[in-house]
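Protein chains in written order, with our numbering: chain Z, 1 to 278; chain F, 279 to 567.
It is worth saying that the hints were derived from the structure and are not from the lab. Mixed in with the good hints, there may be bad ones.
Unchecked claim - Residues on chain F that point at chain Z, a partial pick, calculated with CB under 8 Å:
#1 Ala-338
#2 Gly-500
#3 Val-527
What the hints assert, rightly or not - Sample of chain F residues with no beta-carbon within 12 Å of chain Z, all distances over it, derived:
#4 Leu-496
#5 Ser-512
#6 Ser-524
#7 Met-525
#8 Met-553
What the hints assert, rightly or not - Quick list of simulated restraints, FRET-style, between CB atoms:
#9 Z:Pro-182 <-> F:Val-310: 28 to 34 Å
#10 F:Asp-317 <-> Z:Lys-186: 15 to 21 Å
#11 F:Leu-394 <-> Z:Asn-74: 24 to 30 Å
#12 Z:Ala-142 <-> F:Asp-317: 32 to 38 Å
#13 Z:Glu-153 <-> F:Trp-328: 31 to 37 Å
#14 F:Val-310 <-> Z:Ala-59: 24 to 30 Å
#15 Z:Ala-142 <-> F:Trp-328: 31 to 37 Å
#16 Z:Glu-276 <-> F:Leu-331: 14 to 20 Å
#17 Z:Lys-122 <-> F:Asp-317: 36 to 42 Å
#18 F:Val-397 <-> Z:Ala-142: 52 to 58 Å
#19 F:Val-397 <-> Z:Asp-93: 31 to 37 Å
#20 Z:Thr-134 <-> F:Val-397: 26 to 32 Å
#21 F:Lys-382 <-> Z:Ile-177: 49 to 55 Å
#22 Z:Glu-276 <-> F:Leu-394: 26 to 32 Å
Backbone N, C-alpha and C define an ideal beta-carbon position, used for all residues, glycine too.
Each chain, written out:
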Amino acid sequence: MSMSNNKKILLICIMFIVFVFGGLACAYAASERLVLTGSSTVAPLVGEIARRFETMNPAVRIDVQTGGTSRGINDTRNGTADIGMVSRALKPDETDLHAFTIALDGISIILHANNRVTTLNKQQIVDIYTGKITNWKSVDGADARITVVNKAEGRSTLELFLHYLVLKNSQIKPHAIIGDNPQGIKTVAGNPNAIGYVSIGAAEYEAERGVPIKLLPLDGVDAAIANVRNGTFPLSRPLNLITSCEPQGLARRFIEFARSLQTHDLVEALYFVPVEVN
Amino acid sequence: MLKINAMRWRHFYLDRLVQVFVYLAVLTICAVFLWILIDLLRGGFAHLSWNFLIESPRDAGRAGGIGSILVSTILILLVALGAALPLAWTTAALLAEYVSTTSKFGIVVRYSLQVLAGVPSIVFGLFGNAFFSIYLGLGFSILSGGLTLACMVLPILVSTAEAGLRAVPDSYRLSAAALGMTRAATLIHLLLPIAAPTLAAGLLLGIGRAVAETAALLFTSGYVDRMPGSLLDSGRALALHIFDLSMNVPGGDAPAYASALVLVAMLLCINIFAMKLVQNWQRRRTILE
Numbered sequence: 001m002s003m004s005n006n007k008k009i010l011l012i013c014i015m016f017i018v019f020v021f022g023g024l025a026c027a028y029a030a031s032e033r034l035v036l037t038g039s040s041t042v043a044p045l046v047g048e049i050a051r052r053f054e055t056m057n058p059a060v061r062i063d064v065q066t067g068g069t070s071r072g073i074n075d076t077r078n079g080t081a082d083i084g085m086v087s088r089a090l091k092p093d094e095t096d097l098h099a100f101t102i103a104l105d106g107i108s109i110i111l112h113a114n115n116r117v118t119t120l121n122k123q124q125i126v127d128i129y130t131g132k133i134t135n136w137k138s139v140d141g142a143d144a145r146i147t148v149v150n151k152a153e154g155r156s157t158l159e160l161f162l163h164y165l166v167l168k169n170s171q172i173k174p175h176a177i178i179g180d181n182p183q184g185i186k187t188v189a190g191n192p193n194a195i196g197y198v199s200i201g202a203a204e205y206e207a208e209r210g211v212p213i214k215l216l217p218l219d220g221v222d223a224a225i226a227n228v229r230n231g232t233f234p235l236s237r238p239l240n241l242i243t244s245c246e247p248q249g250l251a252r253r254f255i256e257f258a259r260s261l262q263t264h265d266l267v268e269a270l271y272f273v274p275v276e277v278n
Numbered sequence: 279m280l281k282i283n284a285m286r287w288r289h290f291y292l293d294r295l296v297q298v299f300v301y302l303a304v305l306t307i308c309a310v311f312l313w314i315l316i317d318l319l320r321g322g323f324a325h326l327s328w329n330f331l332i333e334s335p336r337d338a339g340r341a342g343g344i345g346s347i348l349v350s351t352i353l354i355l356l357v358a359l360g361a362a363l364p365l366a367w368t369t370a371a372l373l374a375e376y377v378s379t380t381s382k383f384g385i386v387v388r389y390s391l392q393v394l395a396g397v398p399s400i401v402f403g404l405f406g407n408a409f410f411s412i413y414l415g416l417g418f419s420i421l422s423g424g425l426t427l428a429c430m431v432l433p434i435l436v437s438t439a440e441a442g443l444r445a446v447p448d449s450y451r452l453s454a455a456a457l458g459m460t461r462a463a464t465l466i467h468l469l470l471p472i473a474a475p476t477l478a479a480g481l482l483l484g485i486g487r488a489v490a491e492t493a494a495l496l497f498t499s500g501y502v503d504r505m506p507g508s509l510l511d512s513g514r515a516l517a518l519h520i521f522d523l524s525m526n527v528p529g530g531d532a533p534a535y536a537s538a539l540v541l542v543a544m545l546l547c548i549n550i551f552a553m554k555l556v557q558n559w560q561r562r563r564t565i566l567e
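One chain only, chain Z, in its complex shape:
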């Protein structure tokens, strides 16, 4: 009796699996499809753009995959992906690819609004972050210990910041490690002796709304979205879509959509800076 029971359970399991596999395989219908791979910084943004594009074009499916910038370049070159995502400008040996900037990423050094310091040069920032300068006195500030706020491993802002200062993350001596932009802004706004860095979009937004932080200029250029957009602000990078040849058909339509005004709210929601496309 128990044997027949077991067999029944087994049969139900097998039926279920066959049903799931078979049913799903039948539902699979090929439609117009676009595959994107590349930078994990760009992927959440492109995923959202793709979702909006899909709702406007119901027959189209856009699969966004990640794996990093170099993977995006490789997959685009060998044809695994139709479009690649790259979180930097193309290098001189990558001129075989076509790049289309969909957004800009810029970060700003932030201090508490009451901090006397109004400017820091690159070497001073390096010294503060590596622990060589530990008091604001050494950079014409008040006599107070500096609280160094760093980003958690894996954040794109951390990568960009380290790249700009030519540092490794292991060289940095942080007092606080924070995750996202709002957390960084809260930390600095709540500590008059803190120094941190966050996405420029988020910082400007909060500073305009009266949060007590100030954005430091870098190399004499004001930290402002406008300066990221015109390319003069040093701590910024373009977020690109790349193709191996001049895009045609669906790929071309998608790239045009990603660069249009219709996606600016999505770009800003992820604290990036939209590019102006006329």
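Let chain Z serve as the given structure and place chain F on it in line with the hints.
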């Protein structure tokens, strides 16, 4: 007399000391688990709701839910287990019942499984991407993700099942042979049911490893978070979703906590359910037969 007394006291204290250490170790382990659970509950419970479980993610995962991701995760798991279980358990039966412990063939198979068990998951991911996704042309799909995971959990399933079968006393096999049962019948009707709890424990370990996998799935089942329409669609697994929310999406911490909470709850439910199932099954067999 005094000496004997002193020795007795020493033994008493030593005994107590060991007891205290044992309890301390157990408490530490429980505390780690509770700490993780409380941290997840604090960070994610407020975000949790019925809609969170059934909706698809929106706004890069910061709004909406994890419905489509749960479906993808379960499908990947079903594919992985569907492919790995028959292979693993037959291999275990061969190693435990048909080949002697010292045979060259058995040693080679066992050794290769041990090597497979030590391979980092990202290597499985790259292999899965090269073999299933590109060579077999499955692309970024739930199928290639599930098959990659199947390769990953094979060593755990085989070694636990083999240990379970070996733990059955030889007298059972001899009695069965004396009664004229064939080897296959002994295996199916006698040895496998007795080893069932070990098989279930191995299965749970395998499920745990599969559900928690991120690196192997990034390049195989992919990153697409819409509801999968078929096994050939790309689908994002829950662990990958948590990783993405906490690493790449600003403001994604609350949904990441909530998703992690769901993942832990899911694993707990699977564990409890499987344990109960095995218990019931064994009790019924021993009563009826």
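Now the hints, each set against the structure:
{"no.": "1", "hint": "Ala-338", "verdict": "holds, 4 Å"}
{"no.": "2", "hint": "Gly-500", "verdict": "holds, 5 Å"}
{"no.": "3", "hint": "Val-527", "verdict": "holds, 5 Å"}
{"no.": "4", "hint": "Leu-496", "verdict": "violated, 6 Å"}
{"no.": "5", "hint": "Ser-512", "verdict": "violated, 5 Å"}
{"no.": "6", "hint": "Ser-524", "verdict": "violated, 7 Å"}
{"no.": "7", "hint": "Met-525", "verdict": "violated, 4 Å"}
{"no.": "8", "hint": "Met-553", "verdict": "holds, 16 Å"}
{"no.": "9", "hint": "Z:Pro-182 <-> F:Val-310: 28 to 34 Å", "verdict": "holds, 29 Å"}
{"no.": "10", "hint": "F:Asp-317 <-> Z:Lys-186: 15 to 21 Å", "verdict": "holds, 20 Å"}
{"no.": "11", "hint": "F:Leu-394 <-> Z:Asn-74: 24 to 30 Å", "verdict": "holds, 27 Å"}
{"no.": "12", "hint": "Z:Ala-142 <-> F:Asp-317: 32 to 38 Å", "verdict": "holds, 37 Å"}
{"no.": "13", "hint": "Z:Glu-153 <-> F:Trp-328: 31 to 37 Å", "verdict": "holds, 34 Å"}
{"no.": "14", "hint": "F:Val-310 <-> Z:Ala-59: 24 to 30 Å", "verdict": "violated, 51 Å"}
{"no.": "15", "hint": "Z:Ala-142 <-> F:Trp-328: 31 to 37 Å", "verdict": "violated, 52 Å"}
{"no.": "16", "hint": "Z:Glu-276 <-> F:Leu-331: 14 to 20 Å", "verdict": "violated, 41 Å"}
{"no.": "17", "hint": "Z:Lys-122 <-> F:Asp-317: 36 to 42 Å", "verdict": "holds, 38 Å"}
{"no.": "18", "hint": "F:Val-397 <-> Z:Ala-142: 52 to 58 Å", "verdict": "holds, 55 Å"}
{"no.": "19", "hint": "F:Val-397 <-> Z:Asp-93: 31 to 37 Å", "verdict": "holds, 33 Å"}
{"no.": "20", "hint": "Z:Thr-134 <-> F:Val-397: 26 to 32 Å", "verdict": "violated, 45 Å"}
{"no.": "21", "hint": "F:Lys-382 <-> Z:Ile-177: 49 to 55 Å", "verdict": "holds, 53 Å"}
{"no.": "22", "hint": "Z:Glu-276 <-> F:Leu-394: 26 to 32 Å", "verdict": "violated, 53 Å"}
Violated hints for the displayed structure, listed by number in ascending order: 4, 5, 6, 7, 14, 15, 16, 20 and 22.
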